[in-house]
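Assemble the complex: chain X is given as a structure, and chains V and C must be docked to it using the hints.
Chains X, V and C, in that order, are what the protein sequence lines are. Position one of the first sequence corresponds to residue 0 (numbering that gives the first Met the number 0), numbered consecutively onward. Position one of the second sequence corresponds to residue 0 (numbering that gives the first Met the number 0), numbered consecutively onward. Position one of the third sequence corresponds to residue 0 (numbering that gives the first Met the number 0), numbered consecutively onward.
All the pointers check out, no bait thrown in.
So, partial list: chain V residues that the calculated Cβ filter (under 7 Å) puts toward chain X:
(1) R68
(2) G71
(3) A153
(4) T186
(5) H199
Over 10 Å on every C-beta distance to chain X, these chain V residues come out as not near it, computed from the model:
(6) Q30
(7) E57
(8) G60
(9) T113
(10) N115
(11) S135
(12) Q136
(13) D141
(14) Y146
(15) R218
(16) P229
(17) P232
(18) K256
(19) E275
(20) V296
None of these hints come from the bench; they were simulated from the model. Beta carbons: idealized from backbone N, C-alpha and C, even for Gly.
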Amino acid sequence: MDMLLEALFSILTLKGLVTILCGVTAGLFIGALPGLTATMALAVLLPFTFTMSPLQGLIALGAVYMGAIYGGAFTAILINTPGTPSSIATTFDGYPMARQGRAYEALAAATIASVVGGIIGVTFLLLLAPPLARLAVVFGPAEMFWVALLGLTLVASLSSGSLLKGLLGGCIGMLLSTVGVSPIGGETRFIFGIPALQGGIELIVALIGLFVIPELISMAAQGRGALPESGKLQGGAGSAIMRMGRHIFGKPVNLIRSCIIGQLIAIIPGAGGNVTSLVAYNEARRFSKDPSSFGKGNVDGVIASESSNNVMVAGSMVPLLTLGIPGAPPDAIILGVLLMHGLRPGLDLFTETGVLTNGFILSMGFASMFLLPVGLLGGRLIHRVVVKTPFYFLLPSIAMVTILGTYALRNSMTDVFIMLLLGSVGYFLRLIGIQAAPIVLGMILGVIAEKGYVQTMLTAVVDPVPWLRLFANPLSIVLACLVALSVATTLLPGWLERSGRMAKVDPDEEKPS
Amino acid sequence: MTLATTRWVGSLTLMAALGMPGVAFAEYPEQPITYTIPFDPGGESDVTARFQEPHLEEILGVDVNVNHRPGGGGAVGWSEFQNNAEPTGYEMIGVNIPHIIAQPIMREDAGYETDNWKIVTFFHTTPNALIVPKDSQFETLDELVQYAKENPQAVTLGGSGTFSANHLGALRLEREADIDVTYIPFTGTGPLPAAIQGGHVSGIFNYSMLGVQMQDNARVLAVASEERVPALPDVPTFKELGYDIVGGAYRGVAVPKGTPDEIVNTLEEAFAETNERIAEKQEPLGFVMTDITDGEVDEVIQQLKTAYQPILEEAKANQ
Amino acid sequence: MTLRLNTDFAAGLFGLLFAAILWFPREGMGRLSIIFPRAILVIMVALSLALIVKAFIKPAARQVEIEGDPRRLVIMIVVLFAWWYAIGVLGFLVATAIVFFGLTWYLAHIEGPVPVRRLAQWAPIVAVLIGAFYLAFTEVLSVRLPSGIWS
Chain X
0 MDMLLEALFS ILTLKGLVTI LCGVTAGLFI GALPGLTATM ALAVLLPFTF TMSPLQGLIA
60 LGAVYMGAIY GGAFTAILIN TPGTPSSIAT TFDGYPMARQ GRAYEALAAA TIASVVGGII
120 GVTFLLLLAP PLARLAVVFG PAEMFWVALL GLTLVASLSS GSLLKGLLGG CIGMLLSTVG
180 VSPIGGETRF IFGIPALQGG IELIVALIGL FVIPELISMA AQGRGALPES GKLQGGAGSA
240 IMRMGRHIFG KPVNLIRSCI IGQLIAIIPG AGGNVTSLVA YNEARRFSKD PSSFGKGNVD
300 GVIASESSNN VMVAGSMVPL LTLGIPGAPP DAIILGVLLM HGLRPGLDLF TETGVLTNGF
360 ILSMGFASMF LLPVGLLGGR LIHRVVVKTP FYFLLPSIAM VTILGTYALR NSMTDVFIML
420 LLGSVGYFLR LIGIQAAPIV LGMILGVIAE KGYVQTMLTA VVDPVPWLRL FANPLSIVLA
480 CLVALSVATT LLPGWLERSG RMAKVDPDEE KPS
Chain V
0 MTLATTRWVG SLTLMAALGM PGVAFAEYPE QPITYTIPFD PGGESDVTAR FQEPHLEEIL
60 GVDVNVNHRP GGGGAVGWSE FQNNAEPTGY EMIGVNIPHI IAQPIMREDA GYETDNWKIV
120 TFFHTTPNAL IVPKDSQFET LDELVQYAKE NPQAVTLGGS GTFSANHLGA LRLEREADID
180 VTYIPFTGTG PLPAAIQGGH VSGIFNYSML GVQMQDNARV LAVASEERVP ALPDVPTFKE
240 LGYDIVGGAY RGVAVPKGTP DEIVNTLEEA FAETNERIAE KQEPLGFVMT DITDGEVDEV
300 IQQLKTAYQP ILEEAKANQ
Chain C
0 MTLRLNTDFA AGLFGLLFAA ILWFPREGMG RLSIIFPRAI LVIMVALSLA LIVKAFIKPA
60 ARQVEIEGDP RRLVIMIVVL FAWWYAIGVL GFLVATAIVF FGLTWYLAHI EGPVPVRRLA
120 QWAPIVAVLI GAFYLAFTEV LSVRLPSGIW S
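If we strip away everything but chain X, and leave its shape as in the complex, we get:
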């Protein structure tokens, strides 16, 4: 306890607080730009931290991380573009809300959810790090395979309309993820003789292409901006914030569930933030009284996504600080900084250098609190810019930022081309009912599934029946049952309806939108 207090005082200095404030603000803007990820934000900041003391450097990194993950929500809501992969699920309901003129409500909800998520993540980290860390290492290749399959059952809820087309989209995504160097075999696949394709199709490149470009194309076709002129906010910004606050805390089940999901997934190494928000979104939808309103502007979807991905920030520090296992890509950079300052992950970090570690953790808590004022003010500013800018300025600007962001990701014009190609094809796929979300989900999970499966088979090379290795541990059996259960609960209602009450509208029936 003394250590915690000492840590608290060590960051409650003017220098500490200013560092947090600047970090959060910088992270927020970088995260809001599509293509610029939290990983990149941390990498850019890295050289500056060399000149700082270890604590101040870590504080800055933690604040930027927190800000960047949250910043992704802005563009997700305002222009249907996940600024970072972790805010994919925010677009599902955030953008429909914005199109209905409820953009500020969505932003306020996202902000409050992020703040709460961030603080809860820090609390978990402070109180439960050692027991949670033990969970992290039980996920071996076989378990990861089942986790990926479990994630793939999300396709069912992401494919609005036809399940077959959703699954087809998932397959397309998984195949796209196999372009480049194979993770286990080490050979190049599907590169068609182009050396630049050895780098594969980066998830973020596909993400930007599939989400932004179709939206840009249809904005041009319709001659409109991203958002309609919403007129006056109902009772002004303050009342929107109050309303969202009451909504979130009035029925906290969604928030609590999303935070727990966020924490559990954050400690699974390799799954990381890209998946957390999708799973939390799916569960929010599954347990909702009105699942059909999801995807059409239900604020609970935004809350689930944003609270869970901000839990992940501190949550993924659990395996990092205790065992040296980076759970998400940005964590690798934080690990590098720790090592550079001679801090070895392990329990020593919480005892011998406990003041420093706890100071770092607490600073992430402060960073999430700072999201509230910074986010609400910044959100209002960006919202106003998007709504007030005439569409003939807005559209080229979005296109320019998209090109810049995609290029900057790997300094590659090839990536820009891939982004545009996927985007243009994606527009037509959307017309025939193959949505972007299942494709992206396939890309994220395909890699995890492949690695899990092939590594398991390699490990089992001496077994008489190799694939039984997939069910060798209690945990993998539990996960396999969860997959079966998830498939059943998704398919059963539709099947019952069709066999029992044929007269009712077929769930496969879809209307082109």
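Okay, now just chains V and C, sitting in the frame of chain X:
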């Protein structure tokens, strides 16, 4: 839209992107130098470059801009560099052994060649280390080898990547000790600590850094260096234990072929000086600082090429 | 604009085409590299065939709606690719300045004729926008943007 078009349009743009004004090297350097890392930010190569950046700037007196061109285990960045970079001394790229040896052998078209540039220096190596979980039944390397002899393929060794330094290390151990183990590739070093602490593999073949980092949670059986690694004084080398396995990753920096010797010398000296300054930070992490330049570079590459080529070709045939 | 198109059939056909492109170059890959893509390809072909069968038995929608002007849609796609190409040739700054300005003019045109005076007023705004982003990326994030023939 055929992909063939993308290819030439792509290379055209890249040529344009990487072109820099060619200036006389009267007073090299006089403008910012671009230092490309063909890997993701956060990895060992990137972190090292970030360490070097301020010192290089101070010594050379110009800005050194680190940027990343990741993909294909480095191949994307290297093929672009060999095709487009100009020999002005204002463009350099990080190079890694065994990547630049193994990829051109293993891939039909890696897009670059092992020798088609001037390697300025290899500034450090990270020797392979054989690490087992703390509660492992293997106390020494001999116990592991003995067990593997009795149970072919049953010992699983994780490592970072396929045909990487780790993989080659495991293959060489198989040859030297006449055993048959199963190598399980993981993507990068990140997932390895979890694999070993969760007992998903019998052990891992990774770099000495991980051995240092995991001192409390794992046991390092041997390191593949000529002499003991300063940061791991109690760990024997493979050589001491009777296995002639020396190897790991070498990191260095290259400039395009045809870069004037004066410039290469200036860079060589700058890197040597930088290395001295950052040694006190890097050595405790498990890096072994080196200063391999000029003729030695070719020697190292030739030596490793002869060592790796048969192993690689056999592995390729078996796949 | 409404197009007559059986979306199930179109999706199935796309799936088959996509699978075909990836099916043929799979030769010469080791077992470890091909096992996963091959499994997915098989599943994908099955799904595509199911969609095509469904297209004849119980089709979903037989028409698709393209909102807005299809000509502008095509032009927008062409402009994006032209932009990409121009960056390679002219460098980021020049290419973006031209395409950005042209696109703004073209889009503003939708709402009515654009007098020259308004165009002149936009020039500084566009310049500041592009300049700000250019500087932010090159100076703050130290990203080296393509410079094209000007290097």
